[in-house]
Amino acid sequence: GIQVEQSPPDLILQEGANSTLRCNFSDSVNNLQWFHQNPWGQLINLFYIPSGTKQNGRLSATTVATERYSLLYISSSQTTDSGVYFCAVGQGAQKLVFGQGTRLTINP
Amino acid sequence: DSGVTQTPKHLITATGQRVTLRCSPRSGDLSVYWYQQSLDQGLQFLIQYYNGEERAKGNILERFSAQQFPDLHSELNLSSLELGDSALYFCASSVGARDGYTFGSGTRLTVV
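Chains F and D, in that order, are what the protein sequence lines are.
As numbered in the numbering used here, residues 1225 to 1332 make up the first sequence, in order.
As numbered in the numbering used here, residues 5 to 116 make up the second sequence, in order.
Simulated from the structure, these hints should not be mistaken for lab results.
Since this is a predicted model, take the numbers as computed values, not measurements.
Among these hints, one or two may not hold up.
[What the hints assert, rightly or not] Only part of the chain D face toward chain F is listed, based on derived beta-carbon distances under 10 Å:
1) THR19
2) GLY20
3) TYR39
4) PHE73
5) PRO74
[What the hints assert, rightly or not] Distance windows between CB atoms, simulated:
6) D:THR19 / F:GLY1276: 25 to 33 Å
7) D:THR19 / F:GLU1229: 30 to 38 Å
8) F:ARG1292 / D:LYS13: 12 to 20 Å
Beta carbons: idealized from backbone N, C-alpha and C, even for Gly.
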């Protein structure tokens, strides 16, 4: 099955810093989503982005489907950005396969 | 509130018992997915339903079963529970398989 690799596994930053999270996948996909799991365990959908670029406030994402990777950018980090960020991909009408996540810690 | 409702939020039960987890999808969503999140396995897909029919199965144990009812709510049944079944169980819904997923808040199952 398709493999999803996220990097880095852990990231510790000071409030106000910018960060880039990467997601590589092993095969072509037609569904790619980014999620944030907050410290209370809730999974929040950030982007549905099988290709192209999207922005939502301080967050933006870019997927280059032909090169099989996606990037999530977080600018001017806040402590509430802490948590685990997951990339998940799907092929055809298949279910989403999740990466192992990037744990982001934003210190005040 | 994401619009996907899962009950109960927490469940503590003994080994060998059977439990039922319930999920009500977001209004208008026809697809329901169940995922298991454990510390060592990450988020693992269990099963998918679309408009009442099973569409895909993942690493779901034979002791586990699920169904989606005519009103589109879904139930995940876990039987002969083992300590290793302790995990967070998430339900998600979407309009279709190629649309964004909305997750519920999960059910934290602890088997003692």
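Going down the list of hints, with the structure as the test:
no. : hint                            : result
1   : THR19                           : violated, 24 Å
2   : GLY20                           : violated, 27 Å
3   : TYR39                           : holds, 8 Å
4   : PHE73                           : violated, 20 Å
5   : PRO74                           : violated, 22 Å
6   : D:THR19 / F:GLY1276: 25 to 33 Å : violated, 49 Å
7   : D:THR19 / F:GLU1229: 30 to 38 Å : holds, 35 Å
8   : F:ARG1292 / D:LYS13: 12 to 20 Å : violated, 37 Å
Violated hints for the displayed structure, listed by number in ascending order: 1, 2, 4, 5, 6, 8.
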